[in-house]
Amino acid sequence: MEHREICCSSEQQNRWMEIQDKLKKRLITEDEFTWELPPSLPSSSSHRELNREGEKKQVLKYVGGVDISFLKEDPSIACGTLVVLELESLKVVYDDFCVAKLDIPYVPGFLAFREAPILLKILEKMKKDCHPFYPQLLMVDGNGLLHPRGFGLACHLGVLADLPTIGVGKNLHHVEGLNHSEVRELLETDGHKESIFLTGNSGCTLAVAMRPTLCALKPIFISIGHRISLATALKIVKMTCNYRVPEPIRQADIRSREYLRNHPLVSPNP
DNA sequence: GCGACAG
DNA sequence: ATCTTGTCGC
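According to numbering that gives the first Met the number 0, the first sequence is numbered sequentially starting from 0.
Not one of these hints is a red herring.
As a list, the in silico DSS-like pairs of lysine-lysine whose alpha-carbon atoms are at most 27 Å apart:
id, residue 1, residue 2
1, K126, K55
2, K24, K126
3, K120, K21
4, K124, K100
5, K126, K56
6, K90, K126
Here are the computed distance ranges between Cβ atoms for each label pair:
id, residue 1, residue 2, range
7, S8, H179, 23 to 31 Å
8, L216, N13, 33 to 41 Å
9, K127, G176, 40 to 48 Å
No lab work stands behind these hints: they were computed from the structure. Everything numeric in this text was worked out from a predicted model, so none of it was measured. By construction, the Cβ of each residue, glycine as well, lies at the ideal position given by its N, Cα and C atoms.
From just these sequences and the hints, can you work out the full model?
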């Protein structure tokens with residue numbers, strides 16, 4: 000076979016952009032889910048909303064997190080990981096893994112084409128089994144709306160899995176003029192702020208930069224994935240932050256690495 | 001033209 | 001993403 004550009008040619012990127020534009024038409028950027036947030040204060044009286052059938056709405060209980068780790072010896076070997084945590088206790092109640100060879104490289108702005116397929120596979124397996132802990136919400140290691148075309152991995156996964164998703168970035172993706180020094184200045188205005196809204200050149204609010212713990216100087220970047228508002232996403236992230244990285248993503252990250260350590264030399268799916 | 005660029 | 005030592009603090 001000749002040495003042709005198969006992975007990240009401009010033609011490939013154009014095709015990827017068309018897919019992103021097409022999927023983006025299905026994106027929902029406001030709260031649209033069947034559950035509700037748990038009461039912030041343990042209130043004695045329950046005033047939960049009723050759904051159309053006059054029943055109590057379900058409360059958000061099972062929060063998923065996804066991440067992928069790679070084999071240092073062969074960076075094309077990936078371990079996709081899904082964890083589900085019980086929101087109240089932040090304990091892991093489910094995890095699953097999938098080791099595979101990824102042929103698509105990481106290209107900034109097109110992370111989903113590399114990582115979404117393996118993650119969708121793990122999600123679909125759990126859904127097919129009608130597992131009782133199937134997540135009501137998914138936190139994604141990567142951005143959502145904070146993306147050159149407003150459709151990062153969290154949006155991509157949310158639309159394809161039809162799940163509410165929140166994007167959590169550990170580094171800033173420089174889009175719409177946003178840059179690290181600007182974020183740092185904003186956070187340090189008026190003493191030190193816990194979080195700030197990030198607005199791009201277009202005037203749209205794209206994300207929130209927040210420091211979940213007092214000691215962490217470096218912020219995380221929260222953006223909308225699918226079927227959720229930024230305000231709600233922020234509340235949920237705050238509920239799950241034992242450390243700088245929210246627990247669902249942190250656990251997915253930890254367990255993903257651990258899985259690769261403990262399962263050496265297994266031949267991945269061809 | 002040059003640099004920047006989630007994971 | 002991954003490679004890496006020590007170091008500071010509870």
